[in-house]
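S.K.: One letter stands for each residue in the lines below.
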Amino acid sequence: GAGVSQTPSNKVTEKGKYVELRCDPISGHTALYWYRQSLGQGPEFLIYFQGTGAADDSGLPNDRFFAVRPEGSVSTLKIQRTERGDSAVYLCASSPSGAGANVLTFGAGSRLTVL
Amino acid sequence: DQQVKQNSPSLSVQEGRISILNCDYTNSMFDYFLWYKKYPAEGPTFLISISSIKDKNEDGRFTVFLNKSAKHLSLHIVPSQPGDSAVYFCAASAGKTGANNLFFGTGTRLTVIP
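The listed protein sequences derive, respectively, from chains A and B.
Our numbering numbers the first residue of the first sequence as 1 and each following residue consecutively.
Our numbering numbers the first residue of the second sequence as 116 and each following residue consecutively.
This is chain B alone, in the form it adopts within the complex:
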């Protein structure tokens, strides 16, 4: 049973516009959420995270929004750049932030068109 879901396998956005990647989760015990970015032939790299005590976290062009009541989070990238083209994974954990209890979504492939 997939506890973290990314229902859009792919997304295409024009350079300079906003990219919005969505993630839903089912486990109400999750209290820490992360986004990872993955380029081909490389491992995932950490991008941004948010604790359940917040509803927004911003880092430069990247902002993550958390809606606990809807069990939904989203990653906004603005403005989008061609170098942002990658697969983005949403991940969640419950009770601790160690990586031995991370649950990942299936990923969304973002393509930013120059």
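Extracted from the complex, chain A is given alone in its bound form:
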């Protein structure tokens, strides 16, 4: 596609529920990143994929968070047993071949609200 597409744009859920957030990167971009932006904060790194594999998942806060990219294109961020502190905007970005941060293209984000 023309840009990075993220769905849903808004998600409201109850504490304890399971949530999936989807990212469709720019066609041909092999690197894909998930960031999380909490209220009043800057984006924080969660996980980085190069192709199908997670090259760096050091930013995932705990084992309730998991992400996959089975075919090296679309990625899904999965959050189990959601907590109110998970409320944030989840940003996805892609770039060609894991190139520098100056060529990242971000999506508009998925705003998650956990009640």
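Because the hints were derived from the structure by calculation, they are not lab data.
Please note: incorrect hints may appear among the correct ones.
As the list claims (entries may be wrong) - DEER-style ranges, computed between Cβ atoms:
| id | chain 1 | residue 1 | chain 2 | residue 2 | range |
| --- | --- | --- | --- | --- | --- |
| 1 | B | SER184 | A | GLU20 | 20 to 30 angstroms |
| 2 | A | ASP56 | B | ALA185 | 22 to 32 angstroms |
| 3 | A | ASN102 | B | THR226 | 22 to 32 angstroms |
| 4 | A | GLY100 | B | GLU173 | 42 to 52 angstroms |
| 5 | A | ASN102 | B | GLN129 | 36 to 46 angstroms |
| 6 | B | GLN117 | A | GLU71 | 31 to 41 angstroms |
| 7 | B | GLY131 | A | PHE66 | 42 to 52 angstroms |
| 8 | B | ARG132 | A | SER9 | 31 to 41 angstroms |
| 9 | B | ASP116 | A | ASN102 | 20 to 30 angstroms |
| 10 | A | THR113 | B | LYS171 | 37 to 47 angstroms |
Quick caveat, the model's predicted, so the values are computed rather than measured.
No residue lacks a Cβ here, since even glycine has one placed at the ideal position from N, Cα and C.
Could you slot chain B onto chain A? The hints should help.
M.R.: This is chain B only, laid out in the frame that chain A set:
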């Protein structure tokens, strides 16, 4: 612990004047710095960057200055235009330029008044 700090949450500037956005960092290992711009309901977009081997980088109306001894960088926009109104994020990385080790500041909301 916030390693990249933007202490001014907001800034208002008259159209045509200079906008100066500031950023401080604490990690002396950071060697690459970037500014991103974010409009409402959109993702951040890359604006300009600077390597630690330089102290200035200019791109059109945008100039970034780096003071390594003070661990401080600034973004100058001149002349400011109403379309520059957005949230500006400073970001830094250490050792490589991949986006998996970017540390962002909390952002400064710039409003350019026509």
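S.K.: All hints are to be evaluated individually against the structure, with a verdict given for each.
M.R.: Structure-based check of all given hints:
no.	hint	result
1	B:SER184 x A:GLU20: 20 to 30 angstroms	47 angstroms, violated
2	A:ASP56 x B:ALA185: 22 to 32 angstroms	31 angstroms, holds
3	A:ASN102 x B:THR226: 22 to 32 angstroms	26 angstroms, holds
4	A:GLY100 x B:GLU173: 42 to 52 angstroms	19 angstroms, violated
5	A:ASN102 x B:GLN129: 36 to 46 angstroms	30 angstroms, violated
6	B:GLN117 x A:GLU71: 31 to 41 angstroms	37 angstroms, holds
7	B:GLY131 x A:PHE66: 42 to 52 angstroms	50 angstroms, holds
8	B:ARG132 x A:SER9: 31 to 41 angstroms	35 angstroms, holds
9	B:ASP116 x A:ASN102: 20 to 30 angstroms	26 angstroms, holds
10	A:THR113 x B:LYS171: 37 to 47 angstroms	42 angstroms, holds
When the structure is compared with the earlier hints, violations turn up for hints 1, 4 and 5 and for no others.
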